[in-house]
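Quick note, the sequence shown lines up with residues 11 to 340 if you use this note's numbering.
Hints in this document: simulated from the structure, not taken from any laboratory. Think of the CB as a built atom: it goes at the ideal place given N, C-alpha and C, for glycine as much as any other residue. Some hints could be false.
Have a look at the derived ranges for each label pair, beta carbon to beta carbon [claimed, not checked]: (1) S82 with K334: 44 to 54 angstroms; (2) G303 with D280: 33 to 43 angstroms; (3) T77 with K334: 42 to 52 angstroms; (4) E224 with S330: 30 to 40 angstroms.
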Amino acid sequence: HQGRLFGEDLRARAFARVGAGVRGDVQGKLNFGLVVLLDVARVNAFRGVSSRVRKIVLDYLCDVAKTSKTASVRAFAVEALASMITSDLEAKSEEGGAEGNFTNKVARGVGGVEDLFRTQNRGGEDAVVVEPVEERMQGELSNVDLLAPLMETITLASNPDTGEAGLVALQNILESQGQAVKEAWPLVIDTIGSCKGGKTAFKCLRFIVDDFVEIFNEEEMTCLLNCSSSFASSTVDVNASLTAVGMIWTISDHFKNMKMWRVVFSLLIDLSSDQRAEVRNCAVNTLFSCVVGNGRDFGNGEEDGWPFIFEEVILGLLRSVDGKFEEAKE
Numbered sequence: 011h012q013g014r015l016f017g018e019d020l021r022a023r024a025f026a027r028v029g030a031g032v033r034g035d036v037q038g039k040l041n042f043g044l045v046v047l048l049d050v051a052r053v054n055a056f057r058g059v060s061s062r063v064r065k066i067v068l069d070y071l072c073d074v075a076k077t078s079k080t081a082s083v084r085a086f087a088v089e090a091l092a093s094m095i096t097s098d099l100e101a102k103s104e105e106g107g108a109e110g111n112f113t114n115k116v117a118r119g120v121g122g123v124e125d126l127f128r129t130q131n132r133g134g135e136d137a138v139v140v141e142p143v144e145e146r147m148q149g150e151l152s153n154v155d156l157l158a159p160l161m162e163t164i165t166l167a168s169n170p171d172t173g174e175a176g177l178v179a180l181q182n183i184l185e186s187q188g189q190a191v192k193e194a195w196p197l198v199i200d201t202i203g204s205c206k207g208g209k210t211a212f213k214c215l216r217f218i219v220d221d222f223v224e225i226f227n228e229e230e231m232t233c234l235l236n237c238s239s240s241f242a243s244s245t246v247d248v249n250a251s252l253t254a255v256g257m258i259w260t261i262s263d264h265f266k267n268m269k270m271w272r273v274v275f276s277l278l279i280d281l282s283s284d285q286r287a288e289v290r291n292c293a294v295n296t297l298f299s300c301v302v303g304n305g306r307d308f309g310n311g312e313e314d315g316w317p318f319i320f321e322e323v324i325l326g327l328l329r330s331v332d333g334k335f336e337e338a339k340e
């Protein structure tokens, strides 16, 4: 740019690529090294070595988000984390892997990638020189490693506003790239469960139950049941607790074996002793609705099936209620 020094031009370009939506007053508070580090990681996303670099960048952004004393810097770090995670999940879900993702970005004319390889030819016109791209990104980050820094930011941030910003970022990631989360679901669900009582966390839970429970395996469903139970037992919002109890029933519609039913009934029996009458009644009604609605699936085995339902569930519920009643009298 004419009339501007190289350093000034580099700074302007870096901020334009990394944070086009960042206000000028915020830019002044950001460490330029942080901006350039993120810029380099993003524009080199297609390279085979990028997984190692991106892990370093993700962990660093997590530390900045958790510990920075400046709110605008913390917010930038969370947004940068979300942007990198979304980009990587999108790359994994697109056909063609890393190469296909890079090719698509160039074809769409996304600013930043071209700038990285732009040179000045003798005629004075810009030319784009693109290096060969590996067919497959070597040692790419697992989804657990990719999402872990954001989950850590949500759970360990020293400022509540950072944790909430992390949850908002997670909600956006789930809505845009939830189908690509795959093996990281337990980590994501456990993180949401640790934020029981939070409205944004509850929105994330509802979205997962509504859109992804059908594809979950037993481990993921167990995590989802425990997460729903944690929200049901939270005393922050009774309406959210009642909705969470209903989620347990919704999740139970997607499995048939007694192993999973044992988890469901155990959670509902615990909730039937909740200190709030509305939640107790909802849990008891849900328990019996599950029994009546799924009786054909219980079988007649010695340990499973109806013997378990009568001895452990129904009688277990009565014993639990009787125990609480005796405690209240004392």
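Pairwise beta carbon distance, T77 to K334, judged against the given window 42 to 52 angstroms
For T77 and K334 the Cβ distance comes to about 44 angstroms; the hint holds.
Range agreement (Cβ of K334 with Cβ of S82, hint 44 to 54 angstroms):
holds (50 angstroms)
When you take the CB atoms of G303 and D280, is the distance between them in 33 to 43 angstroms?
With a Cβ separation near 21 angstroms, G303 and D280 fall outside 33 to 43 angstroms, so the hint is violated.
Do E224 and S330 keep their Cβ atoms within the hinted range of 30 to 40 angstroms?
32 angstroms Cβ-Cβ, so the 30 to 40 angstroms window holds.
In this structure, the one hint that does not hold is number 2.
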